[in-house]
Amino acid sequence: MKKVLELQQNPHSSFSKNQCSENETDSRLSALPEKLKQRLLPFQKEGIKFALERNGRCMLADEMGLGKTIQAIAVAYMYKAEWPLLIVVPSSLKYPWIEEIEKWIPELNPEDVNLIDNKTDIGRIQTSKVTILGYGLLTTDARMLIDALCEQHFQVVIVDESHYMKSRNAARSTILAPIVQKAARAVLLTGTPALGRPEELFMQIDALYPRKFGTWSEYSKKYCNAHVRYFGKRAQWDCKGASNLDELHLCLSKIMIRRMKDEVLTQLPPKVRQRIPFDLGKDASKEMNASIEEWEKLMRKLHSCSTETDNPFIQVMGLITHMYKQTAIAKAGAVKDYIKMMLQNEKLKFLVFAYHLSMLQACTEAVIENKVGYIRIDGSVPSSERIHLVHQFQNDPDKRVAILSIKAAGQGLTFTAATHVVFAELYWDPGHLVQAEDRAHRIGQSSSVHIHYLVAKETMDTFMWSMLNRKTCVTSNTLNGTKKSLEIEEADNEQWDFLNAAMAWVPNDNLQGSQDEMFFTHVRINSILFTLNYIELYSMEAVHSAQLIHANISTPRDLESQLAMLTTFTLDPRCREREIVHSRLLITKLLQRCENVDLDI
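All residue numbers for the sequence shown refer to this note's numbering, where the first residue is 22 and numbers rise by one.
By construction, these hints were calculated from the structure, which means they are not laboratory data. Here the structure is a predicted model, which means the values were calculated and not measured. Misleading hints may appear alongside valid ones.
What the hints assert, rightly or not - The list that follows gives simulated cross-link-like pairs (lysine-lysine, BS3-like), each with its CA atoms no further than 25 Å apart:
| no. | residue 1 | residue 2 |
| --- | --- | --- |
| 1 | Lys58 | Lys150 |
| 2 | Lys420 | Lys361 |
| 3 | Lys233 | Lys70 |
| 4 | Lys58 | Lys101 |
Work out the full structure: start from the sequences and follow the hints.
Okay, structure coming up:
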């Protein structure tokens, strides 16, 4: 409470030294390129002033769709005399960033902007005014690139989607943090700075202001509810909680500016969420019920296993993966019919988000069978092509549907031509879902955006929906200082009955472009975490280990076999010390194998 009172009485504390006066700030804003200056909205100018008052070191954490990119470009332009400028982005957003920076700073020539794609591009770092690279290149074996970045001594740095730095041990975080710390100016951009827990904020704020929030040990004890948990005679720190959130929110407000749409865009129409629950057909329900019964049986068995051979953890993990896939296939017929129903409104343009290729295929079949123009962006579409497809959807009235992967197209792209967003599937983290929603609900949108969540009853959707709401409450309290869950309306009976009557989906092999069934990355890791949420009482060791993996790596299919080693997870707190140590060693080995792999799909 004392710390909170001090922060309230001294709002700028020690985070903003040598501040610009308001007159100086207004004068500097007038020096922006005319086109950029005219485009800025009042709240965006306030964001730029916030950064200038902190000498160009801050986090812009506006809600998705409020134009963080243009604010960051304006701030970077203010310090143009100190360039070269480094921009680090998700791999899928490299080309949109090139387009934005060339649009708002017309004085830049093509040769001034260096996009790092190969070794030849690394050689151009020293002569380029602007360098853009994807997180996927920041790996421990990219020694030549790392050396070139360090030797260049970038004084102005922009880190887009900075929550990619949430893990303290990931290669991208350990490489990028020193570069941000050494830069004179650094702007971190994210609409979801804490995707799940306060611990995920530490690397970002420590990169901006080293040790201002204390060491990791001090920070975790104060804000992550860090405490010792005992497993027999062995003690272990658990830092996955949340504590002193009011104080953390106040501290963050000194270095982070976050505005919500309903606060600054009163002219922006509302976002209306609707949960549309429905029952599966008898056959699909029977299969899902059998899987759920098997899951419950394995969960009861988990805490009673005595040997590695008897340990059913991998069986549980595999079953969760199967149930996630099974849910997609079971829902596909209903989703397909729902899309066809929406297509009956010939003036409607909408987005459809899905996760599995089976669901993406079913959605694609729906629009092809109705002979409607569409675009599709999934992990197979090169980054350079995605922006072209976005332009098609935005400008061509005949392109009425955008079928999108939650992972490949859920961030950084603008689809304001759409007024409806359909989620054919759920995802494990609410941050990704909100980002996907805001592809349509952002600046430039002139209509209300209606969000349709199609939720199949008595499937994985039921468990995931509950988990998503729990995660949303923690994130909102940390960042906004308020507890908030997903605001959502229930569907009317007509929609519910319509989906209940849907037939099971059978792939249409006569359509061109059908692809074999496969998973996007992350499903295995998220399956582990999801399962362990339900066995936390049995072993914090297993929970902690799985969260380490979830936080640090993106595991491609060629490393999935390594997950088999996780059979040595010790799920019984009464296990022998040797087994726990062996488990930790195997986890460490897996992390080392995976930390150099990055798939931004």
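Hint check:
no.: 1; hint: Lys58 to Lys150; in the structure: holds, 21 Å
no.: 2; hint: Lys420 to Lys361; in the structure: holds, 15 Å
no.: 3; hint: Lys233 to Lys70; in the structure: holds, 22 Å
no.: 4; hint: Lys58 to Lys101; in the structure: holds, 16 Å
Going through the hint list in order, the structure satisfies each hint without exception.
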